Structures are given as C-alpha cells and as structure tokens.
Amino acid sequence: MRVLDVVKAIAQGLATTFRHLPDRVTTQYPDEPVRLERRFRGQHILHVDENGREKCVACFLCAIACPADAIYIEAAEDLRPYPERIGVDIRYARVYDIDYGKCIFCGFCEEACPKDAITMGPNFELAWYTREDMIKHKEDLLITRQRVSPHLEIAP
Amino acid sequence: METVKVIINGKEVEAPKGKLLLEVCFDAGFPIPNFCYYKDLPPQAACRMCLVRIEKMGRLQTACTMRVSEGMVVTTESEEIRRARMAMVDFILANHPLDCPVCDKGGECELQWMAMNYGDLLARFDEQKDATGEYPLSPFIWLDPQRCILCYRCIRVCDEWVENHALGVRGRGAHSVIVGNRPDGTLACEHCGNCVEVCPVGALTSTNFRFRARPWDIRDTVTTCTYCSDGCQLRLSVRDGRVVRAWAKDLTKMDAEFANKVLFSFRTAPETRHNWINEEFLCLKGRYGNEFVNSPDRLRVPLLRRNGRLEPATWEEALKYVAQRILEIKRTYGPESIACIGSPRLTNEDLYVLAKFGRQVLETPHVTHAMDVDWRPFFKRLTVPLLTQPELREQMPTILLIGGNPPEYNPLTAYSLRAAVHRHGARLYIVSARPIGRLQVATRFFHIRPGSEPAVWLALLDEGEVERAAEATLLTREELYELRRFVWEADRLALLVGREVTGPALEAAAVLGGMLQAKGERIVRVLPLLRFNNSLGALDMGLVAEMLVPEQVGPQIKALYLMGCDLVRFYGDAWRQALARAELVVAHELFLTRTAELAHVVLPAMSFAELDGTFTNNAGQVQRIRRALGVAGDWRPDWMIIDQIAAKMGADLGCRHSAANIFREIAETIPGYQGITYARLNEEGAIQTERPLMPLEVIDRARLLERLRAQVEAIDHTAERLQEPAPLGIGLFEPGTLTEHVPLLRQAFGWDVRESVEVSR
Ligand code: SF4
Ligand code: SF4
Ligand code: SF4
Ligand code: SF4
Ligand code: SF4
Ligand code: FES
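Each protein sequence line maps, in turn, to chains A and B. Heads up: the first sequence begins at 1389 in my numbering, then just goes up one per residue. Heads up: the second sequence begins at 59 in my numbering, then just goes up one per residue.
If you are wondering where the hints come from, they were derived from the structure by calculation, not from laboratory data. Here the structure is a predicted model, which is why all the values come from computation and not from measurement. Take these hints with a grain of salt, some might be off.
Said to hold, decoys possible - Just the calculated beta-carbon pair ranges, DEER-fashion:
| # | chain 1 | residue 1 | chain 2 | residue 2 | range |
| --- | --- | --- | --- | --- | --- |
| 1 | A | Arg1482 | B | Glu185 | 34 to 40 angstroms |
| 2 | B | Arg358 | A | Ala1515 | 36 to 42 angstroms |
| 3 | A | Arg1468 | B | Gly243 | 20 to 26 angstroms |
Ideal Cβ positions, reconstructed from N, Cα and C, are used throughout, including at glycine.
Produce the complete structure using the sequences and hints provided.
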C-alpha cells in the first residue's frame, strides 16, 4: 500500500538521523582546536633554508601570478657572503607585503614560486580592526616569526 | 639593385642580391632563432643558433653569415633543424646558471625565449656548472660572466656604435670572459650602456635598474630625451611612480611575438614597428640621466618670499601675488620694464604660451630664452633643408663636419656618422681645432688653429680666399683645395655645423648649401649641432628677442619672468646682483636653483616625464613627449601656470586646459608646423617641420663675404693647434641642472654638488 511505503521511508530516514544525533559535529572553537586538512590554504608562510636564510629571492613571480594584486615586493641587493646575508641569494625581498584585504587564498603565488619560498600555511584567524592591519609584512609572514595558532590542528 | 629569387620553405621570395639569408627569411615571415646576429653589426657566427638547410650544401649552414644568391633553396623548419637547434640551446645552457628568478633580464631575455621555443624539456649535461659571481665593470654596469653566452654583441656595439673599443675577451673556449679595457678588467669608457641593452641575456646589467623592477611590473612610455638637441626616442619604465630605467631596444626585429610578450604592459604609442630616429642608440645622459624626476629635492609647493625668506604658499596666494605685482609694475614703469626669459629645455607648448603671454598680455618686446650660441642668423638665412639622422645614416655619401664634438655633445649624431661610414662607406671629413676622440672612422681630419673655423667657411665659399684661409687656419693650400673639391663635387652632401661656428661664419654655413645646389643637380642638407633638446623649438616659438645683459636689470628692467632658466648658472654671477636689483623675479623651476633662490616667487613646474608636449630637435623634427608619471607633488605644467596668472590678470590665453589645444594653435600660427597634430605624431613618430628657405638672390653675398673676411682678420693668428684631444667626458660627464640630481651620476663622477637649501615647511 502506498501510505505504508511512505511511512516506512520516513521512519528509515529518521532512524538515520537519530542514529547520528549523539555524534558531535560542531567544534567548540576557540576552546577546542579546529582540525584542518593538510591542503588547507590559510595565511602564507615565507620560508627559510636550513641555515635560516630567507628563501625568497624577490623574483616578483608570485606578484604577477596573483589575480588579486595582493602582493607587493621591493627587491634589494645583499652582496655579503652566504653565512652573513639575509637571503639564500644576493637578491632578497627588502619589502614583502601581502594585503589580506585583497587576497582570495587561491594559492597561485605558491604555485608560481620557483624557490619554494612561499606556501599557504594553516593560520586562518585573519581578522583585524583596520585595513592597514590587513597588510602583513615580511616580518609577520616569515616562518621564523609566524606562530601557528593554538586553535588548530592539522589532519594527519 | 640586383635582385635574386630564392625559395624558402617552398615559398618563392625575391630579395636583393647579397642580403643576409637570415634577414631575407625574417622579411619573408620565417624568423630564425639567433643570438649573435644583430642588425647592422658585422656577422659573428658565434652561437650557431641560426642553422638552416640549404640545398646542395653539405652541412647545415648559419643563416646569419650566408648571403642569398640566385636559385637558393632553403629550409628553415624540419626535424633535422629542430634537433640541431635543440642541441645548440642545450649546449648554451651547459654552463648557464639558470638563475632567472634573480636575473634582471628574466622576462625579456632572448635565451629564455629561445629555450622555451626551441629547447628541450630536459638538459643532457649534468656536469657541475662553473659558478662565478657578479661584479661591477663600472659604476654603471655589472657583469655576470656565467650568464654570458659569448655572442660578442657587446664588443661589436662598443666598437661600432660608440667607438670606445672598451670591451674585449680574456681566456679561451669555455673559459672566455668579457673584460673591460682597464688592466684590472674594469671599464674606462663613456658609459653609454648600449652594451647592456644589446646583451641578449642578463650577463650585463645596469646598476640603476638592477633588482628594482621586472619587465612585467613596469609601465613603458615612449617619449623624447630631454638632454641634447638630437632628440632620441626612448621608453621610460616606471614602477610605483618612479622612473626606473630608459631603454630603446628594438624588440620587433627579433620576432613580433617576442616584442608583444615583453611590451605587453600598457604603452602610449603603437610599437609594432620601431621607426625611431635613433634606432636603438642612447647615450649616457639619455639612458642614465632621467632619475632627477624622482629626486626628493624637487620643489613640491609654491614658495613666496615673506620677510626676506622663501616660504611655502598656496597656489592661490602665489598666483594672485604674481598677477598683482606684474600689473603694478606694468602700470608704474610701462610694459617694457618686464622681461620673459624661457629655457630651451621646455616644451614647445610652454614656450609658445610664454611668448604669447609676453607679447599679448604683458606687451613687452623682451621675450627671449637662454641661448649658448646665437643661431638666429643661421635659421634666418637657411637655404637648404635640415638633415635628419636617418638621412645622415643612409643617404649621405659625403659628410663634412666643421667644429663641434659630437661624441660629447651630440652623441646620436656621432653614432649616425659612424653608421654612415660602416653601412655604405660614406666619406667623412672633419675640420676641427682639436682631435676628436671616438670618430676615428673619419676619412680625413683637418687640424686647424683654434677659432679659425670662419676661415674654412670663407675658403669654401670663395676660391679666391684660399690663401688668406690657409694663413688663418694653418692648413696648406692643397688641403683647402681638397676640402673645396670635396664639397663642390659632391652629389649628396651633409654639412654639420658645430657650435664653434658663429656670426658671419654661421650665415655662411646656412648659405653654402644654396650656392652648391644652384651650381648643379645635387642634394645638400645641413645639420646645426644645437645644444639643448628644444633649442630650435624655442626659436620657432618666437623667443627671439636680444638676450638681456645683467646691467639692464634695475634701471630699465624691473620684473623678470623666468621659466626654467637658471641665469646665474648659465650666464654667471653677474646675474646675482641683477636679480637683487629687480623688483619682481618669478621663477618656474623643478629645483631650487641658484636663480630660484633669489626669486620672489618660485613656482614648482613639471618635468618632461610628467608632461604631455612636443620638442623640436636640431633637424626641425617635432616629436612627442608623454606623461609617464602620475602626480607626486603639487606641481603644474608651465603653460598652465602662465594661463592661470593671465586669467588673474583678466586675459585669456586660450590654452583650454590641454597641451593638445595649445599645439593645435601652434600648428595654425607657427610657420612650418602646419598640419602637424598629436595624432599624426603618435602615428608617425617624428615629423619634420618645413622651414622657410631663403632664396639665394635675396642674400647679399658680397656683403657676407666682406663680413666673413673681417671675422677672419680678427682671428688670433698666433694661437697654436691643440694637440691633445678633448678628454673623455668633457661634455658627457659634466654636471648640469638636471643631471646633478641623478644619484647614480653624482656618485659615479664624484660631483661635488652643493647641498640643497633647506626650505621651511
Ligand atoms: S593566494 Fe591568490 S590572491 Fe592570495 S596572494 Fe596568493 S595569488 Fe594572490
Ligand atoms: S615568494 Fe617566490 S615567487 Fe614570490 S618573489 Fe619570492 S621567490 Fe619569487
Ligand atoms: S657602456 Fe658604452 S662605451 Fe662603455 S663598454 Fe658599454 S658600449 Fe662601450
Ligand atoms: S656579455 Fe652579453 S652581449 Fe656580451 S658576449 Fe656575453 S651574452 Fe653577448
Ligand atoms: S644623444 Fe642626445 S637625445 Fe640622444 S640620448 Fe643622448 S642626450 Fe638624449
Ligand atoms: S645567429 Fe648565426 S651563428 Fe649566431
């Protein structure tokens, strides 16, 4: 009978619903860390090599790849020998700014970088009170300076 | 011209016999990859990138050295050639560092282009690369030998374009390194930077551009150089509101697609073809002298003298003050008490408006400009058209230069002279009181007594005067007869007139062409070597009154309206007191110059990089300058300032807020400028104005000869020839009002430039 079929279907559906009711889906952020997938695209990280030299050589490729025009770089020269200098090469970024008011977290910059100097990190807490604060400088983005938020954990 | 038929990739092509195969293929639409080939430089065959298959020839041949002959059958694309090119790219990359991310050339590099188009995906060499660092060859140029692909373009350019012979190679084979001419391998040269520009890779780089920008984040604007009167075209590259370089490379001659890729940024003029009067040449000043526009010393606000000090003021205050004071002075002392003096560096539009302001609003006869040499008699008596640079390079088999030092003061002219000799074997005769370095291509050099140029003109004009001229010039009679034959028997003659030629001799220079042409079927053109970028424009715009002497200021002249001219620097300290005697001195300036310091009102003007307008070069060619920069200070174009002052005085100069409007009026009123518009200038590049020529009959030649004889008599007949050539850099390395604000030049030449005067804010 048609009516019985309908009731049966509803009961089946609701059974699934009730079975999952005890599962907890909501993360109690910020009291609990948010679990992120490994390929999550959050705030950028500028990397350094094994000796702490900045990997970025200020080639401007990320800046041109960026569809939102969010990256601003000024290159400079550092002719000192490798152990003393700032970057891996004699060319480094004196200024490296990303405007998080513009960035759309597409990750193109990461793909464009020939030096593996920039990657998309896990930090996602990107809210500030002024537009000025949304522009993050090299000093904020370097892996040596950036703190990974305590409110996240990365999926294995 | 004899032509031959060749078949390229199955297509039949007609070409002049003996033309390089590579060029024929290019014209036929089959560009062949190349590195060491460069148009107008002798073939080198160093890179073997241009290999093609020619039927009946055993191996693949280099197209850059092969000349076409009748019936040649050529293949430029095949599997065999593809593999050969791939191998060549691989070979070139064997020791190439692959540091494109840090290399300045990245993005406009010919090697990148070749590797992308013709290279293999993977390199087959896996040996250790021979790493070396970068180091400076001069204050202007850096070398990274590892990036060098040994195409020798730089060496050939230095030899042929600028005759500095400053570059060479040290070592052999894979260990060859480009070196400079000093024992330690650095450079002692004129620092033109042309070697940097022709370098296909990033081996040579310019100090001022190094690391400052990338080709894709700059905006290029085609404009005209603001230094000498030759009027080179250049691209100003701007990043972030700052000029970062000037360059002139013709990318279209490599491959249209490559040119588009490199120049994909916004441009203001079509550049599908590169028809610049300077081809790809720029000199030290044109290339490295533009950064004064970025200078922090630029005046940014109007200054008004209050209590004896120049203090910042608003435009409204300053303009009102000027208008009011001018009206007062005009009322009290009459219009003749005001003088307007412009500068030959300003645009035609500025100068035209100044002249109009002076004549119509102030009603003063004193409308003039700062001149180093008085060329007015020359242009008044001109009997033949002026000579353009392309004509000089391509069409003039006989060339006579009297006076002047083109390599120092008119570098493009020097380049064109060398090109004329190299390209079609022109005969170049030079008459000078001093040996000229870097014009060794000359066929004959006539060494005369200093100051005796008029005697040479006298001998050229009148055979009967050879005796007298020989005495004055220290040349033998035979030499003078030879010169006469050279001039009087030439079919096509170019006369170049240096700045040592003055007074009646200058008139003679203007008249000789007409006399030669009257003698028979022939073409004579004359090129006056004026000093400043718009010297001729200033004359054309009517700033032609007699220049004032400082003594006139005070008793006679009460107010001076100075537009961009630093009288104290230009004419000497006598003007300091003169300016102090004036009741009103108004100065439009970029910097607080020695003259501006003494002014009552200083109005901040715009530089050539911020303006739209035109310059007229020494060949009478009008060329555009275009705004390359946004507004970084509270400055205004010179013409606009005057327009606004005139408005405050109740007059309308008809500028209607745009340079194009002013130029339209120039085209209507100034003889020779008819029919020229901005649109046409954008399309055609340079347009030569038609100068009024004086018919020979009108000129009193007997009287001219008489005056010329008197000038010859006045020559100091005891002076000895100067044996030493003028030192390198006598003109190029000297500080000027603009160049002294260029940090790179200041450091390189150790100019001791006085500190800019503090202005209270
Ligand atoms: S993630 Fe995308 S939008 Fe953001 S900076 Fe990188 S390229 Fe630009
Ligand atoms: S982050 Fe990478 S792509 Fe961006 S400038 Fe630095 S090296 Fe170049
Ligand atoms: S800068 Fe000019 S003169 Fe100096 S080496 Fe290069 S091409 Fe020669
Ligand atoms: S420095 Fe440049 S132009 Fe000179 S040989 Fe090397 S690659 Fe060629
Ligand atoms: S030759 Fe004259 S016009 Fe050309 S770049 Fe040099 S100064 Fe400028
Ligand atoms: S272009 Fe022919 S060998 Fe280099």
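Worksheet item: Is the gap between the beta carbons of Arg1468 (chain A) and Gly243 (chain B) within 20 to 26 angstroms?
Response: holds (22 angstroms)
Discussion item. Taking the Cβ atom of Arg1482 (chain A) and the Cβ atom of Glu185 (chain B), is their distance within the range 34 to 40 angstroms?
Written reply: About 35 angstroms separates the Cβ atoms of Arg1482 (chain A) and Glu185 (chain B), which means 34 to 40 angstroms holds.
Fill in: Cβ separation of Arg358 (chain B) and Ala1515 (chain A), checked against the hinted range 36 to 42 angstroms
holds (38 angstroms)
No hint from the list above goes unmet by this structure.
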